[in-house]
Structure formats: C-alpha cells, structure tokens
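Chemist: Spelled out, the chains give:
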Amino acid sequence: MAIGSVLLGGALGYASVKFRVEGDPLVEKIDAILPQTQCGQCGFPGCKPYAEAIAKGEADINCCPPGGEEGIRKLADLLGREFKPLSGEHGIEKPKSTAVIDENVCIGCTLCIQACPVDAIVGAAKQMHTVIASQCTGCELCLAPCPVNCIAMVPIPETIDNWKWKYPVFAVRKAA
Amino acid sequence: MNVRELFKFTGGVKPASHKAESNQAAIAVAPLSPVLTVPLRQNAGLASRPLVQAGDKVLKGQIIAGPGGSISVAIHAPTSGTVRGIETHPIPHPSGLLSPCVVIEADGEDRWIEHSAVDPYSLPVDELRMRLRDAGVVGLGGAAFPSFVKTQHSPTQDIETLILNGAECEPFITCDDLLMRTKPDEILDGAAILAHIAGAKRIVVGIEDNKPEAVSAMSTAAAKRSGLPIEVIAVPTRYPAGGEKQLIRVLTGIEIPFGKLGPDYGVQCFNVGTACATARALLSGEPMISRLVTVTGNVERPGNFEVRIGTPISDLLKLAEPKADTDRTLMGGPMMGFALPTLDAPLVKATNCILAGSKAMFPPPGPEMPCIRCGSCARACPMDLQPFEMFWFSRAKILGKAQEYHLFDCIECGCCTYVCPSRIPLVDYFRFAKSEIRAREKENEAADAARLRYEFRLEREEREKQEKAAKLAAKAAETKAKLAAAGDADEKKALIAAAMARTQEPKAEEKPSAE
Numbered sequence: 001m002a003i004g005s006v007l008l009g010g011a012l013g014y015a016s017v018k019f020r021v022e023g024d025p026l027v028e029k030i031d032a033i034l035p036q037t038q039c040g041q042c043g044f045p046g047c048k049p050y051a052e053a054i055a056k057g058e059a060d061i062n063c064c065p066p067g068g069e070e071g072i073r074k075l076a077d078l079l080g081r082e083f084k085p086l087s088g089e090h091g092i093e094k095p096k097s098t099a100v101i102d103e104n105v106c107i108g109c110t111l112c113i114q115a116c117p118v119d120a121i122v123g124a125a126k127q128m129h130t131v132i133a134s135q136c137t138g139c140e141l142c143l144a145p146c147p148v149n150c151i152a153m154v155p156i157p158e159t160i161d162n163w164k165w166k167y168p169v170f171a172v173r174k175a176a
Numbered sequence: 001m002n003v004r005e006l007f008k009f010t011g012g013v014k015p016a017s018h019k020a021e022s023n024q025a026a027i028a029v030a031p032l033s034p035v036l037t038v039p040l041r042q043n044a045g046l047a048s049r050p051l052v053q054a055g056d057k058v059l060k061g062q063i064i065a066g067p068g069g070s071i072s073v074a075i076h077a078p079t080s081g082t083v084r085g086i087e088t089h090p091i092p093h094p095s096g097l098l099s100p101c102v103v104i105e106a107d108g109e110d111r112w113i114e115h116s117a118v119d120p121y122s123l124p125v126d127e128l129r130m131r132l133r134d135a136g137v138v139g140l141g142g143a144a145f146p147s148f149v150k151t152q153h154s155p156t157q158d159i160e161t162l163i164l165n166g167a168e169c170e171p172f173i174t175c176d177d178l179l180m181r182t183k184p185d186e187i188l189d190g191a192a193i194l195a196h197i198a199g200a201k202r203i204v205v206g207i208e209d210n211k212p213e214a215v216s217a218m219s220t221a222a223a224k225r226s227g228l229p230i231e232v233i234a235v236p237t238r239y240p241a242g243g244e245k246q247l248i249r250v251l252t253g254i255e256i257p258f259g260k261l262g263p264d265y266g267v268q269c270f271n272v273g274t275a276c277a278t279a280r281a282l283l284s285g286e287p288m289i290s291r292l293v294t295v296t297g298n299v300e301r302p303g304n305f306e307v308r309i310g311t312p313i314s315d316l317l318k319l320a321e322p323k324a325d326t327d328r329t330l331m332g333g334p335m336m337g338f339a340l341p342t343l344d345a346p347l348v349k350a351t352n353c354i355l356a357g358s359k360a361m362f363p364p365p366g367p368e369m370p371c372i373r374c375g376s377c378a379r380a381c382p383m384d385l386q387p388f389e390m391f392w393f394s395r396a397k398i399l400g401k402a403q404e405y406h407l408f409d410c411i412e413c414g415c416c417t418y419v420c421p422s423r424i425p426l427v428d429y430f431r432f433a434k435s436e437i438r439a440r441e442k443e444n445e446a447a448d449a450a451r452l453r454y455e456f457r458l459e460r461e462e463r464e465k466q467e468k469a470a471k472l473a474a475k476a477a478e479t480k481a482k483l484a485a486a487g488d489a490d491e492k493k494a495l496i497a498a499a500m501a502r503t504q505e506p507k508a509e510e511k512p513s514a515e
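If you read the sequences in order, they're chains A and B. Each residue of the first sequence is one higher than the one before, starting from 1 at the first, in the numbering used here. Each residue of the second sequence is one higher than the one before, starting from 1 at the first, in the numbering used here.
A couple of the hints might just be wrong.
Calculated lysine-lysine pairs in the BS3-like style (CA-CA distance at most 30 Å, straight line) [to be verified]:
no.: 1; chain 1: A; residue 1: K166; chain 2: B; residue 2: K57
no.: 2; chain 1: A; residue 1: K166; chain 2: B; residue 2: K434
no.: 3; chain 1: B; residue 1: K397; chain 2: A; residue 2: K166
no.: 4; chain 1: B; residue 1: K397; chain 2: A; residue 2: K48
no.: 5; chain 1: A; residue 1: K84; chain 2: B; residue 2: K397
no.: 6; chain 1: A; residue 1: K96; chain 2: A; residue 2: K166
no.: 7; chain 1: A; residue 1: K96; chain 2: B; residue 2: K434
no.: 8; chain 1: A; residue 1: K29; chain 2: B; residue 2: K14
no.: 9; chain 1: B; residue 1: K434; chain 2: A; residue 2: K84
no.: 10; chain 1: B; residue 1: K14; chain 2: B; residue 2: K492
no.: 11; chain 1: B; residue 1: K397; chain 2: A; residue 2: K96
no.: 12; chain 1: A; residue 1: K94; chain 2: A; residue 2: K84
no.: 13; chain 1: A; residue 1: K94; chain 2: B; residue 2: K434
no.: 14; chain 1: B; residue 1: K260; chain 2: B; residue 2: K471
no.: 15; chain 1: B; residue 1: K442; chain 2: A; residue 2: K29
I should point out that these hints are in silico values taken from the structure, not numbers from a laboratory. No experiment lies behind these values; they were computed from the predicted model shown.
Modelling step: build the complete structure from the supplied sequences, incorporating the hints.
Modeler: Structure representation (structure tokens):
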C-alpha cells in the first residue's frame, strides 16, 4: 500500500512536470472567439487582455462590439453563463468596415501607422499612406490620431465573392 | 449490344422529364447581338484578368482576358469588334450583383483571328493542357470548372477510366442530347484527346435511357473508331443520374467518399459538351466562344441554340418567343437552376438552359409546414444524407451540428425539396447554412491572421524598446568612461559646455510633427 502510494505519487509528480499545460487553455479558447480587431473598445488593451479578464471573472462577456451578439452567445456557451445583450457603454455593433485614407489629403505624418495594431497601413514620413484593405480589421484606432481627418471607415460592399444565400423562411412566405 | 452490370445509387426521384418540348427542332444558330458583354468571372475558381482596354479592336477568338490564377482560364472575344470598356454589369448569379465584364460592340464582320489546328498526339501532354487553358475550355455541365485542371496527373493514382457524362438528368434540358445526336464523332474525338491527356485506358459514355437517339448515334460513332475501347451505356433514367458521383457509381460501382474525387479512384468525368469543346479547341484551334443552350418552358418555340458567350439573355429568350404570362426566367433546370434577377445578364459558359416559367407552369408552393420527420427526404437523398436533421440544425442556425451531419456532402440536387410533403425548401436552408459556414471560416482565418500580426507587432515594439535601452546604456557607459578618462576638471567642464551647446542647436526632427 505504502509502496503503491509512493509509486503513484511519483508518477503523478512526473506527469505534472512532463505534461505541464503552458498558458491558460480557457484564455486561449476565449481569445479564439474574440474577433481580434484589437480595438480596445472593451476597455482592455487588446483581445488577449480582455480574454484574460473574462477568464478571471473581472470582465463581463458583453463588452465586445465587433464580436456582436453572436460573439456574446458563443462566449456564454463556452463559459456556461447567461446570454446578455451588448452593453451600450462600449459601443454598438456596426457593419464590417475597413479604413480608407483619402490620399489627396494625407500629409504623411505616420501617426496612423503607429496606431494600427495589425500593421495594416503602409507609408513613411512625409509620404502618402495607404491601408492594406485585406488586413484591416476595422478597429477605428487610426481615426482619432489623424490630424487632418483624412481616414474614413467604409463598410465592405457586398460582392459576388462575399455574397451569402439568405435565410429562407421569409423569402418563402413572400413568394407564395 | 453492351451487356454489363450496372450499379445503383440510392434515392433519387423521377420528375416529369419535359424533354420532348425542346428536343424536336434542329439546333439553330442564334443571330449575333450588336453588343456582347463577356463577364470576367465565368469559371469556378478565380476570375480572369482583363488584357484589353476601351477602344481596342478585337478579332473573333482573340484572348481578351488571361487566367487569373492556377484555377482559371482565358476568355476570348466572341466576335470581332471594338471594346467599349470593362464595365460592371449584372451577371447570371442568384444575387443579381454586378461584376466586371468586357463589353464588345460587334462590327458585324465576325472576322476570325488566325488560328490553326494541332496534332494532339504529337505534342507533350502538359502543352495540351496549357492549350486547353488558353482556349478557355471549362466544364459545360453547369459548374464551369477548368478542364485543364481536371486532366492533371495525380502522382499517386493513374486515371483508369474516362467517363463521358451524357446523362443530362435535369428535366427540360436537352442541349447535350442534341449535341450527341448531331456531333457524336466530334465528341468522341475530344474524349479521346482528354483520355490521352489524362492517361485513361478506356472511355465509358453514360447516357440516360430516355435519349435512345443519342445512345444510337454515339454507339454508331463509337463502333467506327479504333484506338481506346469505348463503351456507350444507357443508364436508367432517374434524377440525379448525371451527378458526377452518382454516374461514377452507376457505371463503375465505385462509391466516392466525402472529400475525395473521382481521380482518387482512377475515374475522371467530363461532360459531352466539354469533350466537343476540347476537340474544337485542339483540332480546329477554335476557343470556347459559344455554346449550345436549351431555351424552353413557357415559350412558343422551344429548342436548342448555338449562342455566343456574352449574348444578352433577353435576346436569346426572344428567339423562342416567350408566352405572355411568363413571369420568371431560370438559368438551369427546375431542380437545380436559379431565378435570374435580371434578363440583362449575358449568357456565360455555365449557361446550359434558359427556362421560362409562369404561375401555371410552376404553381407557387403552398406555405411551408412543420417537418413531420417522415423521412421521405432521407429516402430520396442520392448522397445518403439525412436532410431532415440538416434542416433542423440549419433552421436553428446551429451550423456546427449541421456540418456534423455532412452538410458539405450535399450536392443541392433538390430531391429532398421535391419529395417533402411539408413543402419545406430544404435546399434553400442548406445553401444558407453552407454559405454562412464558409463566411465564418473566412472570418476566422482573418481573425487568426490579425492575431498573428498583432502579436508580431507587440514583439517588435518590445524588441525596439530593448534595443533603444541597450543603445542608451551603451552611450551612457561611453560618456562615463570618457569622463573618467578625462580626469581633470577643465575637460569635464568642456564636455559639459559642448553638451549644452548641442541642446541649444535647433532641434532636428526626432518625432514626426503633426503639421
């Protein structure tokens, strides 16, 4: 009995070292649901810190406007919490947009480049800047620093490539 | 007479075929429209890249757009004329959205660009594949998948059998039927070339047994040929016998699992129209600038027309004289086709049928009733799926569960919708769920990319901070050393004075200013 407990204890001790889980798996799971805009609208400096705060129970699950209602539902599912609507103080859910720089007005100050969390703006001092549309997350962090207000958020238009079939229920009733 | 064992696929339905309306008249050549609108997005895969600009004169068969990626083909001017420009224009798509098109004003001369035939058996196979790509050959069965991609050799599996799909199982459509009756030799020429490219050892032609004329024409033509063994087989008429996986199963008994394709099992499938286009592209050098289209349904003169790509669908429909009560136009058949949002859209390579409909012909379905779990849809499904389960989860938007029930195996054939006693538009739900899942996958990919870029940026900022700190520390140490070496007070004073003088100098821009 005693030998057995020593052996098992040793095995457990070894396993805890050998199969140690790096990082908090719950934070990773929450982070995977968050939209990764890194916009800070939740009050935390990025998606990961917000995920950590949720995991610790310091933040509510309804503080992420870009994730929207669906994101809150997924978080509620993951954490076994009750769904609640998006809290108004952090902003509202907007259609997906990308930043567009009016290149005629841009003075090349590089402030937006420094603000962009995903390095989606290219340019250099006193050179025109432009947004790499495919990498823009629509976080709006470049709007405030721009001294000449030359950045606008433009909703992503519907094209053949991103068009989706609509939910059929209503269409069917109309067709009758 | 062929005696051979045929296999069966489960499910399927037998809707009224309505083939007799349009397969009586001979093929007519549609007159040339004055303005042709050729969409750059015609094939499955990537859109083509335009190579002409406004004002350019083009000849019939001239390349006006090159392949836009590895799964993309060239597009050619359907007639000679002047390029009016590259304009956004409605294309035949259920969304009714606009897409870039090359608009050509025909000069009426219809003058060919210089083109010549090649001997396909003397050229290397890869050269032939590139020729197919540059001739714009795509599958004419409806999906418009680039044919040169399908003939690529797999390193692990040789193609044993080339299947020619002449089943044409969708009601109303007869363009393949008419093609097989009138051009069996050309079809088999093309099939032989495709088999040569793919390295197939035999050709099997599958034709539904409701097309006896086509079966006999193809059999006669096959009997005359030497070379690869060709079998022409009449398969039982049952929708969707022309589905790729269904036809392969009926003819060879091979059941292809999810995620695999015919070539993984030594079988490759081509539509008869594609074979004919291949023959044309290589044996006469003519690229794909026209196709055979069935115009039928609620029209006075249904039939098949040889139509240039880019012809406005309204022009084509007029040839068949639609009846006054026509209230909708479908592209494709009644099972898998979609209502065209506008008749301004041009004909594309994927257009096999234009079907005019009226309230009398396609009475509006009654209201959707609740699912009673009768299981009719599961019995009708040719892919052995359980549509009622997928419907349940698609309707509730529990997309992950719908996927677990193999939503992406669904070929959207419409059998389940056809048999549903509650008149549930099941396929519409599946299409919704599929496109929603695809959109989410894209979003997740974008989020992952954004996360990586953000983490990289944080890392870079941290590194820059450390580098800066290290630099400052090094400089401080250097100054300290200098001071220590200087020793006496005078030199120290001189150093301090020099530093003071530096601060007095006009500041160089260390931070970019706002103005």
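Chemist: Each hint should be assessed against the structure and marked as holding or not.
Modeler: Hints, one by one, checked against the model:
1. A C-alpha spacing of about 42 Å is found between K166(A) and K57(B), which places the hinted pair above 30 Å, so the restraint is violated.
2. A C-alpha spacing of about 11 Å is found between K166(A) and K434(B), which places the hinted pair at or below 30 Å, so the restraint holds.
3. For the given pair, K397(B) sits about 12 Å from K166(A) by alpha-carbon distance, which is consistent with the 30 Å threshold.
4. Using a Cα cut-off of 30 Å, the hinted pair K397(B) and K48(A) holds, with the two alpha carbons roughly 28 Å apart.
5. Taken as a hint, the K84(A) and K397(B) pair is honoured in the structure, with Cα atoms around 19 Å apart against an allowance of 30 Å.
6. Distance restraint check for K96(A) and K166(A): the Cα-Cα separation of roughly 18 Å lies within the 30 Å cut-off, and the hinted pair is therefore satisfied.
7. Restraint check for K96(A) and K434(B): satisfied, since their Cα atoms lie roughly 20 Å apart, inside the 30 Å limit.
8. With a C-alpha separation of about 49 Å, the suggested pair K29(A) and K14(B) falls outside the 30 Å cut-off, and the hint is violated.
9. Taken as a hint, the K434(B) and K84(A) pair is honoured in the structure, with Cα atoms around 28 Å apart against an allowance of 30 Å.
10. For the proposed pair K14(B) and K492(B), the alpha carbon gap of about 103 Å is over 30 Å, so the pair is violated.
11. As the CA atoms of K397(B) and K96(A) are separated by approximately 21 Å, the hinted pair is consistent with the 30 Å bound.
12. As the CA atoms of K94(A) and K84(A) are separated by approximately 18 Å, the hinted pair is consistent with the 30 Å bound.
13. The suggested pairing of K94(A) with K434(B) holds, with an alpha-carbon distance near 24 Å, which does not exceed 30 Å.
14. A hinted pair counts as satisfied when its Cα atoms are at most 30 Å apart, and K260(B) with K471(B) does not qualify at roughly 58 Å.
15. Between the alpha carbons of K442(B) and K29(A) the distance comes to roughly 18 Å, so the proposed pair stays at or under 30 Å and holds.
Checked against the numbered hints above, the structure violates hints 1, 8, 10 and 14; every other hint is satisfied.
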